[in-house]
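Undergrad: Dock chain L against chain C, hints included.
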Amino acid sequence: MSSCGNPAADEQALMPRRLKFGNSKDCVRCRLKPGNIVIRHAVYCQECFTPMVDMKFRKALEPSVNARAGTSKRPKLKASGNLCLGFSGGLGSSILLDIVHNTYFSSQPPLDDSGRPRGGTNHPRNASVWPSCIVCYVEVCGAFAGMQDRTEDIRSVVERYPSFDFVPLRIEDAFDGSWWTKVSGPNTTPQVWLELSKDGLITDGRTAAMHLFNILNLALSGLHVTSDVTSLTPVEAMRSYLSSLPTQTAISSALQNLTRVLILHTAHSRGSSHLLFGSSLTSLSISLLSSISQGGGYAIREELQEEWAPVTASGSKLSSVLRVVRPLRDVTAKECAVYVWWNNISVIGRDKQRRAILGIAALTKNFVVGLEKDYPSTVSTIARTCEKLEPKDAPSGQCRLCKRPMQSAIQEWKGRISIRSYSDDKLATDLAYIPSACRSILDSSTPSQVPLLPSLTDFLCYSCHTMLTSRSSRGVKQSAPGVSSATPLPIWVADCGLHEDELMGIGGRRKIPEEEMLHTVAKFLTDDQTCEE
Amino acid sequence: MAGTITIKLVFSGGLELLFGNEQNQSVLIPSFVPSDNSTHSSSSSSSSTTSSHNDIHSTGETKAADLEYLIYHLRDHLLKERPELFMENGTIRPGILVLINNTDWELEGEGSYQLCNNDEIVFISTLHGG
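Heads up: the sequence lines are chains C and L, in that order. Start counting the first sequence at 1; every next residue gets the next number (the numbering used here). Start counting the second sequence at 1; every next residue gets the next number (the numbering used here).
It is possible that some hints are incorrect.
What the hints assert, rightly or not - Using 30 angstroms as the maximum straight-line C-alpha spacing, the simulated BS3-like pairs for lysine-lysine come out as follows:
| id | chain 1 | residue 1 | chain 2 | residue 2 |
| --- | --- | --- | --- | --- |
| 1 | C | K59 | C | K76 |
| 2 | C | K59 | L | K8 |
| 3 | C | K33 | L | K8 |
| 4 | C | K25 | L | K80 |
| 5 | L | K8 | C | K373 |
| 6 | L | K8 | L | K80 |
| 7 | C | K25 | C | K56 |
| 8 | C | K59 | C | K25 |
| 9 | L | K80 | L | K63 |
| 10 | C | K392 | C | K373 |
| 11 | C | K78 | C | K388 |
| 12 | C | K414 | C | K25 |
| 13 | C | K388 | C | K76 |
| 14 | C | K373 | C | K33 |
| 15 | C | K56 | C | K78 |
| 16 | L | K63 | C | K392 |
| 17 | C | K373 | L | K80 |
| 18 | C | K373 | C | K388 |
As the list claims (entries may be wrong) - Not close to chain L: a few residues of chain C, all C-beta gaps over 10 angstroms, as computed:
| id | residue |
| --- | --- |
| 19 | P63 |
| 20 | S128 |
| 21 | Q305 |
Don't read these hints as lab results, they were simulated from the structure. Just so you know, even glycine gets a beta-carbon here, dropped at the ideal spot from N, CA and C.
Okay, chain C solo, but in the shape it has when bound (with noise of 0.2 angstroms):
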């Protein structure tokens, strides 16, 4: 009970609560039987309950199955491939699982007095709508020190669908190239690694070489591949990935792209025309919220909804797209705890390390679920409105790290609001103490003596770029003295034409030997200490 707040009124007079539901506490679908459950003010009744949920997800799904809308409003379902289910044994994907066996997979057709399919067995009637479905699940343990393995509990989660076949994957794949090899055929792909520059911060405490060897770094500024440092293996390689990056929100976006273009590659490689995540209303909506806080707003339809296929070296699209679909869009975590409930659906749930995200996406989930419970019709209103956004230009490529639609000339749009030029007086009295042969370099606006060279930076979505770059208090990682400061990218990065991209190889950048490193820094210490005398 809350005051009204009116200073007139009676100190101890409370506004009553109003209901979250109708006048009538029946349900609102049969009018028969008395309400056992409130969803976004509607009562339903428990026999109502479950036909509904299976509508909204029947609704979500079925206009997309067929290649082509058709002009019959109520046509034959059938897709050009095989159905594939991402499953990360959370709620929503455990009831996708259940409703996908029970719609498409369990029914059997009518059978005739000899036990044979009624109409013989070509007959359209017995036709399903996907000949077979997989059901991918990718195992993150390998990214949490002393997390357990779950694969073979989640199997025999998928083996009580017996129409279903289960493929196992492990987020370190995407660092192993013979999990490359697997799904995009025989290939020459190398393995790429990065070197991060921070983005105009100076950290304090470290020698004035270092500090130098710093600005210089600024000065390079942007993402470049090099050539392999050293062999790691694919468990190394993506604890080294994940560690280098500036913070728990970056980890946390990380681990759901590496988890999501994993499944996506998969997907395709296996013939599939259809690939269905699991995501709530709930938890739709606290990703979108997220993803456009961290600087994905350009991708946003793809968040709700995509056609994908990998891009080929020619920059072109496969003909064969993959359906990325989210059924479930419409139901609220309410309705999917409900749903398990009151259907017996038995839920693995997720690690106890892996539930505790961190970063915006756990500050989002947050607010998201407290709106929930007090004003549920709100976390639909974020979905809604994200349908409706649409990028005014067309995409310029595919991020080679997300694989998703890429904004053209992100970089110069950063420029515009971004400072980079410090002959601005105030600028420049608040860093007088960086010595003024160095300060020349910060100053974009005079020409760089450094010639430019192509960077990683062009072919990032601002998302990944920011997720790479982003500026952390904990500082950026500095490697032991010999130790290469590269760390290792994704193996899709570097599919597709980085040597015609110039990234690498002739015309790409190569890798600085340290001694001439040592001796570009040694020179502006030279120049620090003309200027001091």
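TA: Then chain L, alone, in the frame of chain C:
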């Protein structure tokens, strides 16, 4: 037992991990409880026979045992760890669904629902994710 009621509890959706990994439990609570939801003198298990009936009268105003009191009771006597994952701002944490005899607690008055003997209260966490 005079002056106490038995409540059947079910924890699901991962919530059972906070209650010693036991999904099905039951509690004995007094029929009348302190209005301020104080649980100091309440019994905490189904096997306990201690009656706190006399103690309640001596501590001030009382009310019929309701769901709000039960939530405090569970936090103080049954919860094994992480109370902040179960209760927030004096009520059940957002993201936890409560069913009273298979009915949404929003239809039964939420925390003000007066408990009856052998009621089944189900707590389901919706925070599993997708």
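Undergrad: All hints, please: hold or fail.
TA: Each hint, compared with the structure:
1. Between the alpha carbons of K59/C and K76/C the distance comes to roughly 14 angstroms, so the proposed pair stays at or under 30 angstroms and holds.
2. For the proposed pair K59/C and K8/L, the alpha carbon gap of about 38 angstroms is over 30 angstroms, so the pair is violated.
3. As the CA atoms of K33/C and K8/L are separated by approximately 25 angstroms, the hinted pair is consistent with the 30 angstroms bound.
4. A distance of roughly 36 angstroms separates the Cα atoms of K25/C and K80/L; the hinted pair therefore is violated under the 30 angstroms criterion.
5. A hinted pair counts as satisfied when its Cα atoms are at most 30 angstroms apart, and K8/L with K373/C qualifies at roughly 25 angstroms.
6. Taking the CA atoms of K8/L and K80/L, the gap is near 18 angstroms; set against the 30 angstroms cutoff, the hint holds.
7. For the proposed pair K25/C and K56/C, the alpha carbon gap of about 22 angstroms is at most 30 angstroms, so the pair holds.
8. At roughly 27 angstroms between alpha-carbon atoms, K59/C and K25/C fall within 30 angstroms of each other, so this suggested pair holds.
9. Of the pairs offered as hints, the one joining K80/L and K63/L holds, with about 27 angstroms between alpha carbons and a cut-off of 30 angstroms not exceeded.
10. Between K392/C and K373/C the CA atoms are separated by roughly 35 angstroms; this puts the pair beyond 30 angstroms, and the hint is violated.
11. As the CA atoms of K78/C and K388/C are separated by approximately 28 angstroms, the hinted pair is consistent with the 30 angstroms bound.
12. Only pairs whose Cα atoms come within 30 angstroms are accepted, and K414/C paired with K25/C is rejected, the gap being roughly 55 angstroms.
13. For the given pair, K388/C sits about 29 angstroms from K76/C by alpha-carbon distance, which is consistent with the 30 angstroms threshold.
14. Restraint check: the Cα-Cα separation between K373/C and K33/C comes to about 25 angstroms, which is no more than 30 angstroms; the hinted pair holds.
15. Taking the CA atoms of K56/C and K78/C, the gap is near 20 angstroms; set against the 30 angstroms cutoff, the hint holds.
16. Only pairs whose Cα atoms come within 30 angstroms are accepted, and K63/L paired with K392/C is rejected, the gap being roughly 61 angstroms.
17. Between K373/C and K80/L the alpha-carbon distance is near 25 angstroms, which keeps this suggested pair within the 30 angstroms criterion.
18. Pair hint K373/C plus K388/C holds up; C-alpha atoms about 25 angstroms apart against a cutoff of 30 angstroms.
19. At roughly 21 angstroms, the least C-beta separation between P63/C and chain L is larger than 10 angstroms, which holds for a residue marked as non-interface.
20. Listed as a non-interface residue, S128/C keeps its Cβ farther than 10 angstroms from every Cβ of chain L; the least gap is roughly 26 angstroms.
21. Under the 10 angstroms C-beta cut-off, the non-interface status given to Q305/C relative to chain L holds; the minimum distance is some 15 angstroms.
Hint compliance for this structure: hints 2, 4, 10, 12 and 16 are not met, and every other hint is.
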